[in-house]
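Per the working numbering, the sequence shown starts with residue 25, numbered consecutively.
Hints should not be assumed to be uniformly reliable.
Quick list of in silico lysine-lysine cross-link-like pairs, BS3-like style, CA-CA up to 25 Å [what the hints assert, rightly or not]: (1) Lys-79 / Lys-104; (2) Lys-47 / Lys-62; (3) Lys-79 / Lys-102; (4) Lys-114 / Lys-104; (5) Lys-99 / Lys-62; (6) Lys-27 / Lys-42; (7) Lys-65 / Lys-27; (8) Lys-62 / Lys-102; (9) Lys-62 / Lys-79; (10) Lys-37 / Lys-114; (11) Lys-65 / Lys-99; (12) Lys-47 / Lys-27; (13) Lys-46 / Lys-27; (14) Lys-79 / Lys-99; (15) Lys-47 / Lys-65; (16) Lys-65 / Lys-102; (17) Lys-114 / Lys-62; (18) Lys-65 / Lys-79; (19) Lys-102 / Lys-27; (20) Lys-114 / Lys-27; (21) Lys-79 / Lys-90; (22) Lys-65 / Lys-46; (23) Lys-37 / Lys-47; (24) Lys-65 / Lys-104; (25) Lys-37 / Lys-27.
Calculated directly from the structure, the hints in this document are not laboratory data.
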Amino acid sequence: MNKTELISAVAEKSGLTKADAKKAVEAAVAAVTEALAKGDKVSLIGFGTFAVAEKGERTGINPRTKEAITIAARKSVKFKQGAELAEAVK
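Let the sequences and hints guide you as you build the complete structure.
Structural data, given as structure tokens:
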């Protein structure tokens with residue numbers, strides 16, 4: 025499912041117009057993005073939790089030259105599924 029299909033599904037299930045559903049989906053994505061950018065955790069009970077994880081600096085190997093390289097520390101987003109989502113996917 026892509027963003028357009030998600031917007032159509034939200035419109036159908038909520039009774040909103042596609043324009044309103046698009047605004048709602050974009051607002052939800054923006055709110056989650058802003059919260060994660062601030063380092064907050066976003067928990068949607070039954071669906072799952074989005075959180076920012078720190079990945080430390082590590083050593084890797086350049087596959088072309090087989091040389092050791094240093095991979096910089098960074099932040100990434102983790103998602104842990106909720107119980108209801110896990111059960112629905114089973």
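- Query: Of the hints given before, which are not true for this structure?
  - Reply: 17
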